Amino acid sequence: MGRYLLRRLLFAMPTLLGISVVIFAILALAPGDPLAQFAADPSVPPEVRDAIRENLGLNDPWYIRYVKWLAALLRGDWGYSFASRVPVLDLIAQRLPQTLQVVGVAYLVAILMGIPIGIISAVRPYSLFDNLATTFAFIGFSVPTFFTGLLLILIFSVRLNWLPFIYDSTLRVTDWETFTRQVRQMLMPVTVLALFQTGSLTRFVRAAMLENLPADYARTARAKGLSEQAVVLRHVFRNSMIPVVTLLALGVPTIFTGAIVTEQIFRINGIGELLIKSIQNSDTPVVMAITFIFAVLVVVFNLIADVLYGILDPRIRYD
Amino acid sequence: MGEGGQLHHCLRARGNPVSNTKSSWQFRIVVAVIAHCDDMCGNLQSKICNRKWYNASQGAPISGTQMSEANPPVGNTPATRATVVAATLAQVARPPRSLWSDAWRRFRRHRMAVASAVVFAFLVLGVTVGPLVWRADPRKIDFSRSLLPPNRSHPMGTDDLGRDVLARVMLGGRVSLSVGVAAMLIAITLGTLIGAVAGFVGGRMDGLLMRLTDLFLALPVVPLLLLLIFLFRDSLRSAFGPERGIFILIVTVIGALNWMTVARLVRSSFLSLKQKEFVEAAHALGVGEITIMFRHILPNALGPIIVAATLGVGAAIITESVLSFLGLGFPPDTPTWGRLLYDGQNFLDFAPWVVLWPGFLIFLTVLSINYIGDGLRDALDPRSRL
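Protein chains in written order, with my numbering: chain A, 1 to 319; chain B, 320 to 705.
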């Protein structure tokens, strides 16, 4: 197990390096000038612009900049934002809590809804509940998040005026009143994100359960005289969880990308909103850092999925 | 299911392209294949034996079990033998039910898929023929008619500049659907090529291509898409014109970041198919490698590819509208469904129809495509459940 983990970790390294090269090369080879904003500014003479350029190391060839960037990255120096002159890591640290909060709660809700619905659907296939749940799941992952978001705003903020449609991230939860306000403002973004995840999760759980329900070990458990509940929950469910848990790990990066859209709709100043704003400002260090963080998320959760799979399914050989 | 059908299925399962058998050598292979049918076709073999399957050239029963039986097959006179041979040959020669008619039969049983196919056909018709019927100009600005709710002269209302929403939605649908189809075609072509080479050539090439696939799978797709489009938008716009430049960029980027699952699917089908006897036979006959790959193996791996292609159209449409919704898609004067949503979201509180129609159409399109894909999966790839 230890050796397997080590090998997977060693394999993850070149992947991350490869991704960083790809992202950096795209940025470096693309047209567009990070100092373009100074070009239009008459108070910055061309000599000063050239000095800034030289100072930032922008005149070096891209591979030298890459090596410099990577070395700094490994030292924990992620550079300064071109736009706000704040260290990139500080900027991300400011934004991350809002994103994590919404994404985390949404994922939790999706798990708490998706798994039970999937189980009930599979236990009673083609029943009324199953048909409703399957249709709901299908709609859930077919409807684009931005449309659900706008629809919810239209219904609950504009028409019914129940929920605020702009997220107030300055809100500190200190007492019951601020807590309810926090819950109310999180309700819609979380629903939007959770709807999509619940949809795909339900389908997956249902399929995994359906595959395991007629298995020999389930029949044995029934023959031993176990109650149907014990058969389903203790035997079939645990075996069905093997693919589901890996799916859950693989779904984490997806829900983060989903947050980019949700944050845009509900004006949450999270990491996705920062990405969009930085892209529009040609703020290369921030864009680079966030894209890289997303890549790290994908690689790390792939790794977690692999390891979990190995732990949950003893039939998997490590070497 | 008739015997002919089963025979056909059996051969199909062995990957033998019966429906193409025209020349005699291929028929001999068919006979040979039947002679050593594996357990998958065991049922069929016994049926054929019971019906006294004779080798056409020798006139003796093929089946060993029947040979060892004490009493010879009933009616083993030359005359009856001839009729039996003729009857059996007639059964083989009868145009067999093809894979596609079988798939169509299974597809029809999926009611939602059929309904979705109708809805989708209607949507396609609406965006292609629609503008010819509904002649309102999607670009005509008329401030006196801005933000009118749906009425008789504007069935879907008007937007902030007084443009007819129905006309814009039809125009936008053309762009959105063609982006979806074009991006899917790129992804499928790339994925099939890479998967086919990896699976067929194998060895070091396979390892290399699969590492590449893994690398691409680990790329954060949406941030990268945003980045690429933001960076290359202006240069492509100046090279190909505003609309076509963005179209090429979006389609290429979506296609280039979505081929990985197809490549894996194709690779795994190629890995198992290249071991089959019909490939061996083709090799023995001196058929070229490329021909074997694309004429012999690929048609047998088409099922999963078609399913992936269908679902890919829906995913590409969503991706395009996400980009447009984030303001990084098509320019404002090109209405795509996502762009219409992006432009309309500011009037959500007093003119919701500007947002609701395009949003609903994206939803309807993607939902119907997903249902069609589901039905196709049941029809073409019956082993998979999800």
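If you're looking for bench data, these hints aren't it; they were derived computationally from the structure.
From a predicted model like this one, the values you see are computed outputs, not experimental measurements.
Mixed in with the good hints there might be a few duds.
Listed next, the stretches of chain B that the computed footprint assigns to chain A, with coverage defined by at least 3 CB atoms under 8 Å from CB atoms of chain A [said to hold, decoys possible]:
hint, stretch
1, 532-540
2, 641-649
A few chain A residues facing chain B, derived, Cβ under 8 Å [as the list claims (entries may be wrong)]:
hint, residue
3, THR15
4, ALA223
5, LEU226
6, VAL252
7, GLN264
Chain A is nowhere near these chain B residues, computed Cβ spacing over 12 Å in every case [as the list claims (entries may be wrong)]:
hint, residue
8, ARG427
9, SER587
10, PHE682
We treat Cβ as the ideally placed atom computed from N, Cα and C, and that holds for glycine.
Here is what the structure says about each hint:
| no. | hint | in the structure |
| --- | --- | --- |
| 1 | 532-540 | holds (count 7) |
| 2 | 641-649 | holds (count 5) |
| 3 | THR15 | 5 Å, holds |
| 4 | ALA223 | 25 Å, violated |
| 5 | LEU226 | 25 Å, violated |
| 6 | VAL252 | 12 Å, violated |
| 7 | GLN264 | 6 Å, holds |
| 8 | ARG427 | 18 Å, holds |
| 9 | SER587 | 17 Å, holds |
| 10 | PHE682 | 5 Å, violated |
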